[in-house]
Amino acid sequence: MMAAIEPPLNRRSTRTTLVWLLLMAVATVSTWGVSAGDVAAPLAAVMILLIAAFKIRLVQLHFMGLRDAPLLPRLYFEVWTFAVAGAVLGIYFSAKTGG
Amino acid sequence: MNKPAVATDFGKWKLMAWSGPIFFTLFFVMWGLLADNFPPMSPNLSAEAMKAHYLDKGLAITIGMSVCMVGGAFYMTWGCAVSRLMRRIEGPEGMFSNLEMMGATITFTPIVVACGIWLVAAMQAAVLSAEIIQSMYLLGWMIIDIAYMVTSFQIMGASIVFLSDTREKKLIPAWVSWWGWVTIASFFPVSLIPFFKTGPFAFNGLFNFWVAFPTWYVWIVSMSIYVIKAINRVEIEDGAVAPQPSRDPAGMMAAAR
Amino acid sequence: MSAAGTSRRLPGVEGVWVFVAADMAFFAMLFVSFALARRDQSALFESGRQALNRDLGGINTLILLTSSWCVAMAVEAAQRNQHKALQRSLWGALLCAVAFGISKAFEYTHELRAGITPLTNDFFMYYFTLSGIHFVHVIAGAVVLGVMLQRARSGAYNREDHRGLEVGATYWHMVDLLWVMIFPLLYLLR
Chain W
1 MMAAIEPPLN
11 RRSTRTTLVW
21 LLLMAVATVS
31 TWGVSAGDVA
41 APLAAVMILL
51 IAAFKIRLVQ
61 LHFMGLRDAP
71 LLPRLYFEVW
81 TFAVAGAVLG
91 IYFSAKTGG
Chain P
1 MNKPAVATDF
11 GKWKLMAWSG
21 PIFFTLFFVM
31 WGLLADNFPP
41 MSPNLSAEAM
51 KAHYLDKGLA
61 ITIGMSVCMV
71 GGAFYMTWGC
81 AVSRLMRRIE
91 GPEGMFSNLE
101 MMGATITFTP
111 IVVACGIWLV
121 AAMQAAVLSA
131 EIIQSMYLLG
141 WMIIDIAYMV
151 TSFQIMGASI
161 VFLSDTREKK
171 LIPAWVSWWG
181 WVTIASFFPV
191 SLIPFFKTGP
201 FAFNGLFNFW
211 VAFPTWYVWI
221 VSMSIYVIKA
231 INRVEIEDGA
241 VAPQPSRDPA
251 GMMAAAR
Chain Y
1 MSAAGTSRRL
11 PGVEGVWVFV
21 AADMAFFAML
31 FVSFALARRD
41 QSALFESGRQ
51 ALNRDLGGIN
61 TLILLTSSWC
71 VAMAVEAAQR
81 NQHKALQRSL
91 WGALLCAVAF
101 GISKAFEYTH
111 ELRAGITPLT
121 NDFFMYYFTL
131 SGIHFVHVIA
141 GAVVLGVMLQ
151 RARSGAYNRE
161 DHRGLEVGAT
171 YWHMVDLLWV
181 MIFPLLYLLR
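Protein chains in written order, with my numbering: chain W, 1 to 99; chain P, 1 to 257; chain Y, 1 to 190.
Keep in mind that the hints were calculated from the coordinates and are not lab data. Keep in mind that a hint or two might mislead.
Stated by the list, open to error - Simulated restraints on C-beta separations:
| id | chain 1 | residue 1 | chain 2 | residue 2 | range |
| --- | --- | --- | --- | --- | --- |
| 1 | P | T198 | W | W32 | 51 to 57 Å |
| 2 | P | L15 | Y | Q150 | 39 to 45 Å |
| 3 | Y | R159 | P | T198 | 52 to 58 Å |
| 4 | Y | H83 | P | L15 | 36 to 42 Å |
| 5 | Y | A25 | W | V39 | 40 to 46 Å |
Claimed, not checked - Partial pick of chain P residues on the chain Y-facing surface, computed with a CB cut under 7 Å:
| id | residue |
| --- | --- |
| 6 | F108 |
| 7 | P110 |
| 8 | W175 |
| 9 | W178 |
| 10 | A185 |
| 11 | Y217 |
| 12 | V221 |
Every residue gets a Cβ at the ideal spot worked out from N, C-alpha and C, and that includes glycine.
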């Protein structure tokens, strides 16, 4: 059996596939569930951007291999994701409150 | 390596490599600071405001543009030095060293034409109508910006060849070549400048000015520095001078590992 | 190998990470300027958003996520010396890239036929710009995938040497994750 010969890599492929299924499910919920109109716009905005950040992080860590990367590059990409989502949300809500 | 039959003149080669730093210093000071292009005048301004700008800054723009028309040629001489280094990697039959030299040379053309147009706008500001001044200002920008593909080809040739260098320690560090690809990518959105008068894609905008130009500048500066270092290394490889105890200038990227 | 978590390393070569980091920084700036423009003209942006085809955009998201998964599986196949699986995965990724291209071309054609152009208003200027720049990345990525498939067929990648594959994979994952942010900004955010 392959699994007996190279267990870590096979387990990794199973994980990669599980991550993909999770991504597909979450994308479906975000596109056709949250944004469909039943959820209030501000709450939907928060959910949509958090889901996007979550998906980006999954791609970065599990597909791009940042999970096993040195600290500095990993930090850069983690910060990128949260800075982009945070900035978009911050600007979104500054319109609702400030003007 | 392809050791030439006639000994290479390393002195002249290094001199030409130094024309890279001369180009970007000259351009920064004369075009950017003196001619008041940091930031550039917005394409959204009225024709009258543009005429007033040229009347107001007439002498500074006249001097700045005429010096840039002369100094822009240093990009060509620098391109020759880079091209020669590339030939050490791809051999005398390589195509990309030609592409690099042609690209660097033709990059001078939109620079000299655009600066010439802005120069005449400054000289003639008092007698020309505001609409003509405005058209000349925009004309210069369209020419200098949308000609980017020539420079993209130049950078592409250099990036491909320097990345294919099989030396244990490449003549030009890989990150400089990869920054070249970044520069090429940052040029493409410049094609949008005819359609935007405001926002990040206007020629004075966040992306098409404040990202695209500094990205290219970083490439010119880092490529210049490493080309000059590389010529010293080639000189040692050729046995023209005795090897010096070397320091590691590219330790920054390695430290990230 | 890093699979067991014994050593920390970046896949591929460092240079491609320089490129990816800088390219993503450019996109971050575009996202922020889109958000600012959206704040200033929220009614116009909302009506523009409603004119977009959310179903096509959502399907494109699923397509790109799948192609990213295929590429990740391709790298793992190479690490196991499974040449058939490697080629199958790369074919999958390439077909997804082509499917994305067809769907996007269909979408653009439909919009242009309806008289919607980048000059219609600021929303569509951003829509065509953001999705267009991304589309250029997809085309370049499809070429990269095609080259990698060609090299895989000639047996260039194996357990010991699959660095080129990792370089292309890193780029392609970036194309995927950028779309994961572009899609909600343009199509979903109310």
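Against the structure, the hints come out as follows:
no.: 1; hint: P:T198 with W:W32: 51 to 57 Å; in the structure: violated (35 Å)
no.: 2; hint: P:L15 with Y:Q150: 39 to 45 Å; in the structure: holds (44 Å)
no.: 3; hint: Y:R159 with P:T198: 52 to 58 Å; in the structure: holds (54 Å)
no.: 4; hint: Y:H83 with P:L15: 36 to 42 Å; in the structure: violated (52 Å)
no.: 5; hint: Y:A25 with W:V39: 40 to 46 Å; in the structure: violated (32 Å)
no.: 6; hint: F108; in the structure: violated (26 Å)
no.: 7; hint: P110; in the structure: violated (22 Å)
no.: 8; hint: W175; in the structure: holds (5 Å)
no.: 9; hint: W178; in the structure: holds (3 Å)
no.: 10; hint: A185; in the structure: holds (6 Å)
no.: 11; hint: Y217; in the structure: violated (14 Å)
no.: 12; hint: V221; in the structure: violated (15 Å)
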